[in-house]
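Given only the sequences and the hints, what does the whole structure look like? Please build it.
In case you want the letters, here they are:
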Amino acid sequence: MSEQETTAVSGPKVKKFMFVNRKAPYGTIYALESLEVVLITATFDQDVSLVFIDDGVYELLKGQQTKGIGIKNFSPSYRALEGYDIEKLYVDQASLTRRGLTEADLLVPVEVLDDQQMGELMAQQDVILSF
Amino acid sequence: MLHIINKSPFDTNALDTCLRMAQPGHALLLIEDGVYAATQGSAVAQRMRDVGGKLSLFVLQPDLEARGMNGKQLDGITLVDYAGFVDLVEKYDTSQSWL
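The listed protein sequences correspond, in order, to chains A and B.
Here the first sequence is numbered in my numbering, starting from 347 and rising by one per residue.
Here the second sequence is numbered in my numbering, starting from 2 and rising by one per residue.
Just so you know, the hints here were simulated from the structure itself, not pulled from any lab data.
One or more of the hints may lead you astray.
To be verified - Calculated lysine-lysine pairs in the PhoX-like style (CA-CA distance at most 25 Å, straight line): (1) A:Lys-408 <-> A:Lys-418; (2) A:Lys-434 <-> A:Lys-408; (3) B:Lys-92 <-> A:Lys-361; (4) A:Lys-362 <-> B:Lys-92; (5) A:Lys-359 <-> B:Lys-92; (6) B:Lys-8 <-> B:Lys-92; (7) A:Lys-359 <-> A:Lys-434; (8) B:Lys-55 <-> B:Lys-73; (9) B:Lys-55 <-> B:Lys-8.
Note that the structure is a prediction, hence the values are computed from the model and not measured.
Pasting the structure below:
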């Protein structure tokens, strides 16, 4: 075993963090708070996944215009996540379908998962933070 | 993994979504208003009986008692106290609270 590998093993453990988003963006503060915690977590070089289920899929819709309600449109921030090495975004297929949406309606590239895939992905995490 | 639900099944879709995604061998703990899903005669009772075969089902007894539902829980659901809640969180590697 090389010295380099030994160093890597003794370093801080990278944990798998999953953020579960199940609320629409502007009716409550959950979606924005989740995004802020995601960005904080990213600075600690952890393995971060974001999942969007139920009304959480509305967070990723293209074309959000919030000027009329006086709240900052934070949806462009999802496009910036890539710059923080957060590239694991997963969306629940059934939640999209029930809302008449498809992947093409979303403002970032995502992986669409079925029920079983989502359940298995959750079970693989070290930490799940729910919003 | 452990799924935790604290909302009434008649108020939010948390139970529905959880049951869609929970995999065989996972556990489900009902707390706070989530305990109503554990009671006999409700519209979700049959659904809970059906998932009993693949999930381990638990309900927090103090919350059941507070709501006048003690003794009305479905068969096959294990009652736990606060220490039992902690034991479940410790036993399963991952927990998800379906807020």
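(request) Would you list, in rising numerical order, the hints stated earlier that this structure does not obey? (result) none
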